[in-house]
Amino acid sequence: MQRIGVFICWCGSNIAATVDVERVADAVKKDQGVVYSATYQYMCSENGQQLIKNAIKEHSLTGIVVGSCSPRMHEATFRKTAEAAGLNSYMVEIANIREHCSWIHKDREEATEKAIILVRTAIAKVNLNAPLSAGESPVIKRALVIGGGIAGIQAALDIAEAGFEVDIVEKNATIGGRMAQIDKTFPTLDCSACILTPKMVDCAQNEKIDILSYSEVEEVKGFVGNFSVKIKRKARFVDEKKCTGCKLCMEKCPSKKGLDEFNMKLNKRPAIYIPFAQAIPNVAVIDPEQCIKLKTGKCGLCQKVCGAGAIDYTQKDEYIERGYGAIVVATGFKPIELNAFNEFGYSENQDVITSLELERIMNAAGPTNGVLLRPSDGEHPKVITFIQCVGSRDTSGCGKPYCSKICCMYTAKHAMLIREKYPDTEVHVFYIDVRTPGKNYDEFFRRAVEQYGVDYIKGMVGKVYNENGKLMVQGSNLIDNEQVLIESDLVVLAAAIEPEPSVRKIATLLTASIDTNNFLTESHAKLRPVESPTAGVYLAGVCQGPKDIPETVSQASACAAKVIGLLVKDKLKTNPCVASANETMCNGCSQCASVCPYGAITYVEKELRVDGKTELRRIASVNPAVCQGCGACTVTCPSGAMDLKGFSSKQIMSEVEEICKR
Amino acid sequence: MKEVESKMLERAKVLLESGEVARVIGWRKGAFCHDPEPASFESVDELKDFVYDYFCGANLSKYLIAESKKEGKTAVFLKPCDTYSFNQLVKEHRINREKIHVIAVECMAKLDIGKIKAKGLSAVTGVEVDGEQVKVQTLYGEAVLSKTEIVLAKCATCNKTHQVKDEEIVLHERPVRDVNRFAEVEALEQMTAEERFKFWREQLSKCIRCNACRNVCPACSCIKCVFDNPQSGVAAKANDDKFEEQLFHIIRAYHVAGRCTDCGECSRVCPQGIPLHLLNRKFIKDIDETYGEFQAGESAEGKTPLTEYRESDLEPKDVLKEGK
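From first to last, the protein sequence lines stand for chains Y and C. Number 78 in the numbering used here belongs to position 78 of the first sequence; there are no gaps in the numbering. Number 319 in the numbering used here belongs to position 319 of the second sequence; there are no gaps in the numbering.
No false leads were mixed into what you were given.
Derived Cβ-Cβ restraints for the label pairs, each shown as a range:
hint : chain 1 : residue 1 : chain 2 : residue 2 : range
1    : C       : 288       : Y       : 110       : 40 to 46 Å
2    : Y       : 295       : C       : 190       : 50 to 56 Å
3    : Y       : 612       : C       : 71        : 16 to 22 Å
4    : Y       : 527       : C       : 290       : 35 to 41 Å
5    : Y       : 110       : C       : 292       : 42 to 48 Å
6    : C       : 211       : Y       : 565       : 53 to 59 Å
7    : C       : 93        : Y       : 650       : 25 to 31 Å
Only pairs whose alpha carbons sit at most 27 Å apart, straight line, appear in this in silico DSSO-like list of lysine-lysine:
hint : chain 1 : residue 1 : chain 2 : residue 2
8    : Y       : 613       : C       : 73
9    : Y       : 439       : Y       : 184
10   : C       : 303       : Y       : 505
11   : Y       : 505       : C       : 317
It should be emphasised that the hints constitute simulated quantities derived from the structure, not laboratory data. Cβ atoms here follow ideal geometry from the backbone N, Cα and C, with glycine treated the same way.
Using the sequences provided together with the hints, build the complete structure.
The following block contains the structure:
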């Protein structure tokens, strides 16, 4: 028989305004096992905790129920309180009467009734609780960074700086990501490559960092401190160790039809190529779709000219498996597909381009060597119209409901740079709102308008159509309340950004949650913004939400700090709420092992004495160091032999029963 | 069928006499011509009661859980549908495959005495099957029935083939037929939720909880069934409401989902004539539609849709969207 104390928190007025806390404490006073009940204004405060400690000692409590906020908020707090008073921390149950009750109800009567039920449910569980003790598991002192853009690079550099080993897994042939494609960066207008490539080189030269380019994460097992990750190293048909990056193969390759992804497919590249001049690793890769040798077996020119003997047409995908203590997800973004936006005629008109395409056209290493020429005829455009919010803040279902955050600033940058370099060019910008919070951001935007004379038009564009070789942009000017028609030579769409689609697979592999827009969810929007709800998984960059370079870099460094904080520990406390099989009931059918995401279940042949007979049986055995207590096995087990400590079927059923009594 | 029977008997004798196997699992004559029962034959002598005819519908695979634990090898006669259950049990490590010698035997569909009686015939003393025609002898004379109308429900939609054989006794090939085993399930799906609830409520209210369906089911092979285990909290849970007790069948359907081979034994043995196989078939159909076609027991290895995660798996929200 338990001796249970019930502690109902007012949470100031957060709970007490909607729930009659005294009535709750009173109602459960005589419930099974309850020997003490009390309320307090702030149970989490020093005084509140003291009240709990005193009651545990005075009333020899064996278990406590705290009716308060979500266990995510203060379960750890109250467990520590209990422990300080000599009570096992797993004898504490939280009844969430704030998020699950007072915050979502208006009617005091109804909310009070519900709070009583929730508290009784927790009491029912504590009645069946048993003390549990945590074990320890070692920490693998190596981190994995998924994605080699600026977020991944920064996180890796910071982690390596602290002395830990880091692997960067990048799916493309080079690290650098989107930032490598950008020409100039706002608000300082310094060259993107000039500030990024030294960091890329640092990564390559850092002994602690291993860059696994052209690779993808295939499988993730394990848990915080102890992940085991299978990485696919895609066949690049070039020996990474031998290739010197001389580019002779690129010159000789007769297949020149591949579209240059780095230049947003604005020009062609050979079948064997190095994505860009400063690529890291500076190693060629063969596009198997374009390579004549791989497709027909004839050619082999690159192999002949390669002085280093690096070309290997027989290379196959390879898989490596490595252990990590922590994982940083930094998978980045891509501009959305614009096929659904017929009104802007992106698919029909070569001279309707996206901002990232313009970025490449403006870049000295781009398809036009940095000269602003329009794609259709290579002429200098004289009138350029920018359209903002293409697919951003779009609730029509066609685009994205969120603000992509970076477009206002880069559009101002583009407009300004064009006016600076080509003062005879007329630049118009259609916008819904201009949003420029950030250090020196609004000043930057105002410079574009005031100093560079960019024509900002508040209003949306209804249609872009081609008339006699001119792009007619029809929109509305809301301030002058009139329709405008602008005859343009080039139209630039500020396309919304979305998480790189591969993030879905990564999220599933990591059991990290993802929101409706495919952004990874942080553990707490304000207080744990770089941690994923999955322990040991951290988020950096746009995979978590739209952000610009400075924000991405800060978040990456914050991730690194969290990772370092984890990796300096030698051991982590394990969760004692693990599964175990009742040997006499186990069929040995292996269904639990097939659903276990952690590979924690194996089988043993064991002699059992049942009903006076000895039988050799195949029985499930759970490794408690590997089990994470997810409970998948307990619901799969047909005979109910598998059960979870701290969340036994009996405990859960007793809670359900308590709720169903009403 | 007589021919097949004598070949089987011949093999059983040889296997037992040579000591190659310690026992043979087959069917033994019952009190009437239409109720042969599964039996274990341990000597040539015992084989005098051996029978294999149109009433040997019982699935023998489940008996092998116990038999494969015994000393020596066990030979078993398996019809096509039985081999799926056999595979499934091997996969779940319930049968020790090495200790079993499987003799695949031809089936040609088995008869349902209930359906024969429903035709107004009683005191049946024997049947003679000639293609589609079945001559039924009774104490009161003879009648000719159409075979299609009197086969077991599980045979009416069967297109199964032998999945396991160490040797086979197949003298006639059963023609492959074009049957849709989901037709009845589809009819249930067409009903409104209320109609369907009424249908099942009426059907399940006939249940007397004799546990025959569970005891015969090869997928229900738990060492300790949750319904027999006072510790499980399930056994005595459902006595508040009559229909709640009948949830037994729905719980059972969930427990065997993804493992049920559609052997149809549950409906065959139900003394109340509840079409229990339809519950399981609905699960099979849903699994097929949600995760791609899957036949439990086709192999004794590999993963199953409900216990395996694949990247192509539908998200819960999509299932809800498409859910019927």
